[in-house]
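Engineer: Residues per chain are reported as follows:
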Amino acid sequence: MRLHPHITQRYNTVQFVMLDVLLALLPIMCIAWLAYGELALNIFATAVGAAIVTEFLFSGILLKRWRSVFDGSAIVTAILLACTLSPLTPWYVVAFGAFAAILFGKIVWGGLGKNRFNPALVGREFMAVFFSSIMLSPHIWTTNGLVQTATSTFFPMAADAYSEVYLQSLVYKTGGALGEYSIVALSLGGFYLLLRNRISWHIPLALLTVFIALFWLVPAAGGRQFSLAGVLLGTLFMATDMPSSPTTARGKVYYGGMIGLVAFLFILGNVRFEYMSYAILLLNGFSDRISYTFQPRVWGRSTDWKQQVEKIFVLTLSIFAVTLAVLSLYYYNLTAYVVYLYILYIIFKFNFSLHKKVNNPV
Amino acid sequence: MEIGVLPDPALLYLPLATYQGDMDVVVDAGQSVTMYQLVAASSGTFAATIHAPVSGEVLGVTEIAAERYLTIKNDFCYTEKALTVPDTAAWTSEDFLQYLLYAGIEGSGGARFPTHLKYRVAPSTIKTFIINGAECEPYLSADYILMKTAGAKLMAVLQIIQRMLMPDEIVLAIEQQHKELAVPLAQMAKQFGLDIALKILPNTYPQGGELQLIKSVTGIEIAKGSIPAHHGMIVSNVGTLWAMAGAFLEGKPYTERIITVSGNRSRTLGNYRVKIGTPLGHILRETQHEWNQQAQTVILGGPMMGRAAVSPLQPIHKGVGGLLLLENADPQQMNCIACGYCVDACPQHLMPLEFVRHNQEEDLHQLKAFHLEDCIACGACAYVCPSDVPLMYHIQVGKEKLRQERSDTSV
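Keeping their order, the protein sequence lines are chains S and R. Going by UniProt numbering, the first residue of the first sequence is number 1, and it counts up by one from there. Going by UniProt numbering, the first residue of the second sequence is number 1, and it counts up by one from there.
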């Protein structure tokens with residue numbers, strides 16, 4: 001049956017969406033390459049290679065869904081994953097992360113779009129659980145000796161002047177994960193995505209506003225360390241991931257704000273490095289419910305405010321409950337079991353839905 | 001740019017389907033009819049009439065693409081039934097409504113709602129009479145060309161409407177892209193002693209949708225399913241006014257309309273005056289095209305809401321504004337990536353992606369909870385979908401299921 005509309009937007013396909021994200025990631029990758037040269041490129045290449053092979057083997061050969069091999073989403077996931085890694089991460093760990101991201105983050109859900117959690121972050125958590133000794137070792141983060149282009153080369157004037165330090169931290173300052181060296185490069189990518197309407201302003205604005213406001217307002221937060229670039233990477237590229245974020249505008253505002261709040265709570269709860277990943281993954285789990293709770297008001301009809309407020313209240317309570325649960329698991333070093341449970345759940349779900357849904361486009 | 005005239009076809013297929021139900025044929029097969037003679041009518045609430053656009057012989061009722069049509073063989077003599085120009089000055093509002101029914105006037109924007117029903121309102125309750133000149137469908141320009149070339153006729157009709165409905169104000173709504181029409185139309189209105197407000201609207205889709213147009217013009221948001229007249233508003237399409245012009249000024253029933261022939265496979269863009277019932281195969285031939293389903297899709301109406309033709313015999317009816325020839329689309333259907341573009345695009349503020357999900361799960365309760373019944377089927381969601389998810393298919397099927405359920409429970 002041929003149905004209207006008989007025309008669609010020309011340059012707006014999944015491939016174009018992925019291409020735009022890749023273009024937005026380009027400045028970050030260039031900065032990483034500048035900083036660590038081949039070392040950084042190897043990480044990106046290993047991740048992309050492993051992701052494509054995984055997609056090819058499992059989606060193509062096993063499930064006969066060849067089209068998904070070419071949609072470009074595997075490359076995006078792999079690069080995003082690599083952006084969260086230290087330049088010294090061993091290649092086999094990177095490859096494992098990319099493999100886990102694609103297989104357990106995406107394919108077992110039924111392919112691109114059906115995943116509830118951000119695949120890159122899923123891959124990262126798998127690495128943290130299965131290679132915990134490597135991922136948590138301080139060694140892979142001591143990279144100062146390998147820097148190819150020192151930060152001072154950008155600002156050859158007085159390196160100790162306050163304004164210089166400030167500029168460096170904005171433009172180029174190595175340290176931390178590959179995607180964290182330049183706030184300017186990150187923002188550039190973010191603005192590009194905003195201009196192309198691949199992300200909407202709701203999530204980043206709400207997230208950053210809540211996060212920064214809490215740091216100003218809550219005295220207990222004083223002196224806590226966090227990486228602004230890391231938060232920005234999460235905000236612009238992870239929290240805005242289409243399949244795992246809400247679809248309605250008001251839902252996005254709430255979702256972004258809650259990520260900011262939960263990430264802040266994690267920092268207060270002494271979660272190191274992983275506060276942003278945990279916060280985003282946690283809210284990913286609620287994203288559908290948030291969309292439903294924040295349905296747009298239908299044209300010409302009025303909203304039942306009392307019911308709405310009630311729903312939001314219950315939703316917020318459940319998010320707080322899960323946050324507390326994650327914090328206690330973290331406190332007792334039990335977060336790995338969440339990943340084991342996830343694997344069990346996803347395998348069960350996959351077997352259950354394989355025949356019914358795997359080739360269904362929705 | 002002007003309105004072209006195409007030679008008439010040898011066979012015309014008059015649609016018997018109306019806004020609701022089918023009309024009854026009032027002539028016999030083999031009988032000869034004169035031009036403008038009444039050939040089919042229906043009674044009841046949604047009464048409608050249709051007249052012979054040419055003189056000739058009635059061949060009988062045929063079925064094309066599951067709809068009934070009355071076939072008339074053109075004798076090319078154009079023997080006219082004697083026309084009497086109505087004495088509009090002496091009309092009461094009941095005469096006015098009766099004449100609209102007699103002349104077979106119905107909305108030419110697509111829904112084909114009978115105009116005599118739309119205009120049947122309690123005296124002096126209409127605050128705003130809106131003329132819909134916002135042809136928001138891409139490719140179509142039939143309404144534009146009418147406003148450009150037939151302004152005087154439209155104004156003459158508006159004078160009559162003004163006298164009959166006595167609205168507080170008349171607003172002509174046109175899109176930004178046609179704003180050069182504003183000055184000439186305003187001047188013409190002044191010549192006719194009419195006080196018409198012009199409203200320039202943004203070029204968005206679906207600006208011409210009744211609910212969206214009312215909001216743009218009056219700022220009032222009325223829900224789908226409520227009747228604009230109850231809120232003191234009536235919206236009429238420019239094409240409808242033009243049909244009325246033929247009836248009121250010359251006594252001609254609604255037997256011809258202006259359509260746009262266009263599309264990315266079209267070699268002859270333009271607006272043409274065609275008889276209702278002209279099969280599209282004939283129009284294609286006369287505009288140097290051919291019926292070729294492998295190479296192109298022929299669309300009756302606009303690209304957003306029009307229907308793909310399945311047979312070259314399908315004719316132009318009173319609600320068709322265009323005939324488009326579009327390249328065959330090859331949609332690359334992929335998984336829904338929940339980008340939310342459809343939610344942003346929906347003029348009714350719905351969540352189209354949820355309709356697909358719940359229609360597949362046959363969850364009628366959820367379909368209702370997400371307000372499927374408020375969907376106006378404008379197709380904006382499917383237009384912006386990067387994954388080419390068959391949104392309109394699931395919306396249509398879902399609506400059908402809800403209709404089914406309603407009729408089951410009402411029994």
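By construction, these hints were calculated from the structure, which means they are not laboratory data. Don't take each hint at face value.
Straight-line C-alpha distance at most 27 Å; calculated DSS-like pairs for lysine-lysine [stated by the list, open to error]:
1) R/Lys399 to R/Lys215
2) S/Lys306 to R/Lys153
3) R/Lys127 to R/Lys73
4) S/Lys311 to R/Lys199
5) R/Lys224 to R/Lys81
6) R/Lys224 to R/Lys73
7) S/Lys306 to R/Lys199
8) R/Lys224 to R/Lys153
9) R/Lys215 to R/Lys401
Sample of chain S residues facing chain R (criterion: CB under 10 Å; computed from the structure) [unchecked claim]:
10) Ile7
11) Ala45
12) Ser68
13) Ser245
14) Ser291
15) Thr293
Fair warning: this is a prediction, and the values are worked out from it, not measured in the lab. Cβ coordinates follow ideal geometry from the N, Cα and C atoms, glycine included.
Engineer: For each hint, tell me whether it holds in the structure or not.
Structural biologist: Okay, the hints, checked on the actual structure:
no. : hint                 : verdict
1   : R/Lys399 to R/Lys215 : holds, 25 Å
2   : S/Lys306 to R/Lys153 : violated, 53 Å
3   : R/Lys127 to R/Lys73  : violated, 46 Å
4   : S/Lys311 to R/Lys199 : violated, 41 Å
5   : R/Lys224 to R/Lys81  : violated, 42 Å
6   : R/Lys224 to R/Lys73  : violated, 42 Å
7   : S/Lys306 to R/Lys199 : violated, 38 Å
8   : R/Lys224 to R/Lys153 : violated, 32 Å
9   : R/Lys215 to R/Lys401 : violated, 30 Å
10  : Ile7                 : holds, 4 Å
11  : Ala45                : violated, 26 Å
12  : Ser68                : holds, 8 Å
13  : Ser245               : holds, 8 Å
14  : Ser291               : holds, 7 Å
15  : Thr293               : violated, 12 Å
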